[in-house]
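Using the sequences plus the hints, can you model the full thing?
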Amino acid sequence: MIEKLRTFPSIASNLFINILEENRHFADIAVQLHYGEEIGEDIARYHVDALNSLLHLGLSIHGDRNLLWKGSDHPSENKDDYHVISAPQSAGCLYLSYPVAMQHSPLYPQSNWETRVIAVQSRCLLTQADLETYGSIVTNDFPQILDVVYEAIQNGFLSNPEDQSSERIVFTTPTLEEILEVERELRPLWEVKTRKMSCV
14 MIEKLRTFPS IASNLFINIL EENRHFADIA VQLHYGEEIG EDIARYHVDA
64 LNSLLHLGLS IHGDRNLLWK GSDHPSENKD DYHVISAPQS AGCLYLSYPV
114 AMQHSPLYPQ SNWETRVIAV QSRCLLTQAD LETYGSIVTN DFPQILDVVY
164 EAIQNGFLSN PEDQSSERIV FTTPTLEEIL EVERELRPLW EVKTRKMSCV
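Just so we're aligned, residue 14 is where the sequence shown starts under this note's numbering, counting upward by one.
What the hints contain is simulated information worked out from the structure, not anything from laboratory work. Where a beta carbon is used, it is the ideal one built from N, C-alpha and C, also for glycine. Some clues are possibly wrong.
Computed beta-carbon distance windows for the label pairs [what the hints assert, rightly or not]: (1) Tyr-95 <-> Thr-185: 27 to 33 Å; (2) Glu-204 <-> Tyr-163: 39 to 45 Å; (3) Gly-105 <-> His-60: 34 to 40 Å; (4) Glu-51 <-> Gln-141: 22 to 28 Å; (5) Tyr-108 <-> Thr-20: 25 to 31 Å; (6) Gln-141 <-> Leu-199: 23 to 29 Å; (7) Pro-187 <-> Thr-146: 29 to 35 Å; (8) Glu-127 <-> Ala-100: 22 to 28 Å.
Right, here's the structure in full:
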């Protein structure tokens with residue numbers, strides 16, 4: 014993906030290349046919690062996200078919600094060509110997308126604390142220097158950048174970009190055992206940090 018981004022250098026593509034090379038994709042993590050009144054389709058608020066959602070991973074932890082977005086079978090500036098697509102999300106569901114470029118809205122059922130909705134949103138981590146370029150970030154090649162991201166999400170990317178026959182690497186998620194193994198590795202570090210904090 015990075016090699017393709019290099020073919021049309023600009024502020025936007027250079028920023029995204031830096032984010033990928035520095036492993037800052039999915040490094041901006043927000044935990045969203047919702048309970049109480051229903052937010053249904055009649056009051057859905059469609060929006061696009063900020064630049065840090067150029068590559069975005071959403072993971073449902075608890076409860077049920079529904080993600081709506083507006084899509085079309087072909088590129089079009091005519092809003093009548095777009096239709097609403099529904100993607101129900103329950104605990105354990107995840108999606109990979111680029112909501113910086115898609116109109117979307119989450120829906121929530123009426124719930125109490127026990128049935129609350131918890132979701133983790135992992136986005137690109139932007140620095141202060143990145144944010145200072147935000148005003149001029151939408152360049153003429155922005156659609157090309159989105160095409161590269163889309164292709165990577167749909168089909169993966171070549172392990173050797175210069176060899177079209179090389180292995181294609183696709184996005185995968187870790188198994189539960191892999192997650193637990195990382196937790197076992199990190200727990201001693203967390204316990205040390207917790208002890209230091211308790212001594213302050």
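Okay, the hints, checked on the actual structure:
For the hinted restraint 27 to 33 Å between Tyr-95 and Thr-185, the CB-CB distance of approximately 31 Å keeps it satisfied. Distance hint for Glu-204 and Tyr-163: a CB-CB separation of about 42 Å, consistent with the stated range 39 to 45 Å. Judged by the Cβ atoms, the range 34 to 40 Å given for Gly-105 and His-60 is violated: they are separated by roughly 26 Å. Judged by the Cβ atoms, the range 22 to 28 Å given for Glu-51 and Gln-141 is violated: they are separated by roughly 38 Å.
In this structure the hint that Tyr-108 and Thr-20 lie 25 to 31 Å apart at CB holds, the actual value being about 28 Å. Between Gln-141 and Leu-199 the beta carbons are some 28 Å apart, a value that agrees with the proposed interval 23 to 29 Å. About 33 Å separates the C-beta atoms of Pro-187 and Thr-146, a value consistent with the hinted range of 29 to 35 Å. Between Glu-127 and Ala-100 the beta carbon distance is about 24 Å. The supplied range of 22 to 28 Å therefore holds.
Hint compliance for this structure: hints 3, 4 are broken, all remaining hints hold.
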